[in-house]
Amino acid sequence: MPDVTLTVDGKKLTAPAGTLLIEACKSAGIEIPSFCYYPNLSLQGACRMCLVKIEKMPKLQTACTTVVTEGMIVTSDNEEVRQARKSMVELLLGNHPLDCPVCDAGGECELQDMTFSYGAAESKYMEAKNHKDEQQWSPVVFFDRPRCILCYRCVRVCGEGMDVWALGVQNRGVSSIIAPNKEDHLECEECGMCIDICPVGALTSGAYRYKTRPWEMKHVGTICTHCGDGCKTTLGVRRSDSGMEIVRGDNRDKSGINNDFLCIKGRYAFDFAHHPDRLMQPLIRKNGKLTPANWEEAFELIGKRFAEIRDHDGMIGVVGSSRITNEEAYLLSKFARVVLKTNNVDHHRTADFPALAAALSGKPDSTATMREVYDAPAILLIGNNPTDQHPLLAWQIRNNVRLHRSRLYLINSQTIKLGRQAAGFTQIPAGTEGKVAAYLAGDDAAVEAIITEKNSRETWNALREKLRGEQKLVIIFGSEIRGNDVAVLVKFGSGVHGAKFVCLADYANSRGAADMGLYPDLLPGYHRVADTGKFHDEWTSIPATTGLTLPEMVDAAKASKLKALYVVGANPIGRLGLDPFLFSKTFVVVQEMFLTETAFMADVVLPAANAYEKSGTFTNTCGDLQILKKAGEVTGTKSDFEMIVRIADAMGFDVHKLVPFGAGERTDMGQSRGAQSGEADRHAVWLEARGLEPKMSPLEPTAILDEIQRLVPGYDFSRINLLAGNDQHTTLANSGPGAIQKPELIVPANDNLFSSGTLGRYSKALHSVMESRTQQTSEVAAD
Amino acid sequence: MKFSDEFETRFTMMARHYPTKRSVLVPALLYAQDEIGYLSDEVIQEIARRLELTELDVRNVISYYSMLTTKPRGKYNVQVCTNIACMLRGGEELFAHCRKKLGIGHKQTTQDGRFTLEEVECIGACSWAPAIQVNYDFHENLTVEKLDKVLDGYQK
Amino acid sequence: MASLVSHPDEVKVVSRRFGQGATNIDRYLELDGYKAVQKAFAMEPDAIINEVKNSGLRGRGGAGFSTGMKWSFVPKQSAKPKYVLCNGDESEPGTCKDRLIFEHDPHAVIEGVMIAALAVGSQTGYIYIRGEYRYLSIIMQKALADAYARGFLGKNIFGSGRDLDIYWHGGAGAYEVGEESALMESLEGKRGIPRIRPPFPAVVGLWGGPTVINNAETLASVPHIILGGAEWYAKVGTPKNGGTRLFCLSGNLEKPGVYELPMGYNLRKMIYEVGGGIPNGRELKAVVPGGSSTPVLLPEEIDISMDFDSVAKAGSMLGSGGVVVLDDTNCIVKFALRTMKFYRHESCGWCIPCREGTDWLEKTLTRFHAGGGLKKDIDNIQYLSENMLGRTFCPLGDAAAMPTIAFVKKFRKEFEDHLEGRPCPFERAGAVEQLPVLA
Ligand SMILES: Cc1cc2nc3c(=O)[nH]c(=O)nc-3n(C[C@H](O)[C@H](O)[C@H](O)COP(=O)(O)O)c2cc1C
Ligand code: SF4
Ligand code: SF4
Ligand code: SF4
Ligand code: SF4
Ligand code: FES
Ligand code: FES
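Residue numbers (this note's numbering), protein chains in the order written: chain A, 20 to 802; chain B, 889 to 1044; chain C, 16 to 454.
No lab work stands behind these hints, which were simulated from the structure alone.
Each statement offered as a hint is correct.
Mimicking DSBU-like on lysine-lysine, the simulated pairs with C-alpha atoms at most 35 Å apart in a straight line are:
1. K205(C) with K959(B)
2. K425(C) with K75(A)
3. K78(A) with K143(A)
4. K305(A) with K360(A)
5. K270(C) with K988(B)
6. K68(C) with K72(A)
7. K157(C) with K995(B)
8. K473(A) with K909(B)
9. K75(A) with K68(C)
10. K360(A) with K580(A)
Derived Cβ-Cβ restraints for the label pairs, each shown as a range:
11. G37(A) with D178(C): 35 to 41 Å
12. D1036(B) with D178(C): 50 to 56 Å
13. N480(A) with R177(C): 40 to 46 Å
14. T94(A) with Y398(C): 19 to 25 Å
The C-beta atom is built at its ideal place from N, Cα and C for all residues, glycine as well.
Work out the full structure: start from the sequences and follow the hints.
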């Protein structure tokens, strides 16, 4: 669109035609006050705060609804304008309770700021204020009506942004009120977007209410640890008896791939970290009972037993996690190979990244970023239900359709909520996703399996033609497509100009676990163990034969062949429903936050820190790499990184060969040390004890990141950008040929919007939401 | 939820008059209320279902319009205009008289469920003020004496 | 139902068929009914628009915008269907004229909508009638059914090959819904919250299609203009203010009623001759000349011509034609309070200044009238109203502010007489103790 020239306060500005005056001003550094205006939500013109003088217009005009025109002359700040704004604030304060000292928003309230700016403190109002008691609408949403200034942001973000439409406006005039969808309570996705967007303290969070004042918190920007989407979140932390407690999560600075989005898990479910059941001391089984022990004792025991078993050619298995950092996953992968000398490494797989890596081999730049999902002109989504399993992805898709008119093609065996945004929704018989891929890729015979009463051969043909005609199509697929079907789907995508892929995996660092080679047959970067190359050169001794998969380790345990099992942040017994006595002859070491089913039968349990309590990096399901910063802390826990290194040390291994510390680029990873509690001290003590230079510790993951950047294909990102908090895209395309894996090794997490595996089990916020659901449904069932 | 045949005929006919389903909402609610007496939860559910709206949406609309109510009313809704033209000619006195005579206040209903009293805004009878409406019937140029007769007429 | 009155000065155009049984379609036809629309069929759309423009017809809904001009804003080509919407929400206090038209001459409104539809190239019209007017809705529904039965509406009307549908639509109690954009929202089944303008309804209206919105009286005038000619109609009124209008005389008058008088009729004459003057030997205290939204006039300000421009020059507005007359037994503070109570009750609540301002003003005026007023309240009432004026999302805020400013300015002394706990000097015997608050 052509540019328009206008004058604001004597400054000449140009802005693209169609720009709103308020935005044009903002980009020229002229801030127009506003309550109801919110970028990317529908226009309201309701609060009248943004009134400006426009020449040739008799009345003041709202900058938030006025589109710039050529030659427009605007005065954004004169006596008349200031008076208008001042009177709006005065009017608002008329019925406002002014309970700022106890209000959650106090200190970060837009009404307070405006009152301050426009000096409307003098009270002209003598009448009794309209009062109403605070209401609890859901476990996480509270509403304090008198504080509400009716900007309708909450209504819009819930409806337009979330497509939930759980909030409405009722009554009229001064009786107008924001109302929840079930008269006195909410039934919604509990995302808390409405709370976050509220400019005042009218909507408050059950998790955060009255806990602290904003200025008493320290704010740490890090990454959500729940699903595979990788939302950036700013955690508000403050000191507690047992370290640093996380009290709030939001992304108000809109700095990440998720803009201001967070789902319920990112916003509230950090509370598992402070669950009373949290392990804070190592446990060693003595006389059949797990007994508290100290760290030295634990490491010594593990080091001794692991070394013995390894040296007697006893079989050792390693189970990694999809929630540890890239650095930890890489370290674990390396530790298994070079210290334990085994390829028996696996993790809970929820997507077939090896297959995608193989199919994309030689096709650089073929995976889409999370940002691209928001911009792509067309999207094909096969399988999965992102609203439940990938809330950010769903948000990106939904808002791309709403704001950029992207065409969404949906193919699913269920009618999922995103169908409401779909240009075309095609329902298929369950389990025929692979046939869809085949048909799209040109196998006409495959259509037989997907023809239904509603979708004829012609419908499918028309859909395929349409898709082939799209450009920059982003093809997103769930775990329904795996194994050879992935390659088939990629074949179809190769025929679409500029097509890119997203493979959906369930956990926060599922992609990282895969990229870092937590596989029995693959090293980092999907490098096959049998193929010599950089890893063999650098790691030197990698066992040549493919190791055991998790089910094979289980079988080995059954046959009493598995002598040791090292579980880092996983719960195979609970997850796979295994018999706990199965491992009674195996020496089991578990690094965990809680006494899970697996930890419960272990010989040694080491209390682990979670992703909010350590630094490192995560790679989301799209391949976006982001930095984690340490926010919370629970005394007595250690990062998995530190524990792996210390076990290696206890086994008598030269840790220099595991973590190339003291060499390479040295960068401070934000909160990893320094101000945060005792961690820096621990490093120092450890180093001193061994006469090492306290320049860089082997317990700090940065050194491994250097190695990852150097050795793992697709990870040659800009370190400085990463440290600045920007997302960096890693790509699968430069990876090795990968390997075809058994499709049944992929087991979806089956988490929904309100569950999150082990973390969810210990989150009060998620529990309370689920309980309120079951209560309501049983009430309904009763009558 | 069952409406009368008359309602159904009207609803079906009216629904054809608009390009969108929800357009029929406001008049449909008023007709439903006339039939059921008020907009009960069942009515709201049924209308929401038919028009593919959420119940919240229907409630938002109901709460906006002053004639629509989700609470039962008496058989006769006595609506006394006290707005300017009526006020100048004794509208407030009529309202006070009604309160005394019926023993109820604004938006209240007599024990026997016969009358609900409501003070209303201008009903378009200014030149024949003061005026009241009982349900949909206008009574104009009233005095307290005439009002008594009107109300007595509804007692039977 | 509503009783009819008459006065020799009346020029009966819109009210020509009142009391003639014209709700019956045959009777309507006898009285030249549906002749205008047939004449319009033979005219080019632009010719119809020009005729209406030249007649000097200005909107009877309140704003007084040239009707022909409004029609000319509708784009000739439109991808979306165009609509004609008749505004029969009539809720402005002091106004009760559309009611008579619907009661006595419903087919004239239908015919007006038809002509508007021909002029702008629309095939669908709606007649929106406020919910309280149920008996008028029944009359209108019958009239529409009769017109359909005769083939005047529906497919191939009058054998012209054109299709035209007109439907009734009912409200459910909301003054704000009379505002044109809120009216469209209401018709679309939503809360009556006005829309952001631009775009104006003539370009983007009902369901996104170009829409002409006119008051019922405006539309009922159109057939007479087409039949009698623009020149004749224009001559009845004053320059730029063509024709007649229905004036609703109410309040303290000997002969209140709805009279059809030429535009430009003198207000004093209207009160003292047509309306029969002030009863009981009382004196005139004030006149609200165009419905409750218009600033009050003092007795010395009433020698004016009742046309849009002259009343505006006198500092008020011709508005909706509701002339409310107050005699000297009435308290202005109370009157201002009752007016504000109305706006507080009817504010849609969308924007801060109107939602909060009307509430604040009503509360202050209530306290003030009850004797709890302070001197600074008077300034405050004025300050608040002036800060609402011109800054609200729709004109309802102005409608609440304008009369209030005038009450304070013109009757400051009377406000001061209420200070210091003094009882209202005008409280009538047997009057009501305290105004109950409408919820
Ligand atoms: C608060 C408010 C209420 C209104 N109520 C009515 C009404 O009841 N009837 C009406 O015809 N116009 C009403 N109007 C004016 C309409 O917005 C619109 O201008 C009118 O219907 C246009 O028709 P006209 O040009 O024929 O007058 C109202 C305006 C406002 C701001
Ligand atoms: S929590 Fe989310 S889904 Fe629930 S009402 Fe608020 S915005 Fe809507
Ligand atoms: S609750 Fe908050 S966001 Fe919602 S309308 Fe009120 S002030 Fe605005
Ligand atoms: S969408 Fe995923 S990453 Fe984002 S907040 Fe929710 S659980 Fe966390
Ligand atoms: S001025 Fe504002 S609050 Fe008042 S009716 Fe108009 S939009 Fe609604
Ligand atoms: S920001 Fe423009 S009116 Fe609210
Ligand atoms: S003021 Fe009572 S009917 Fe108009």
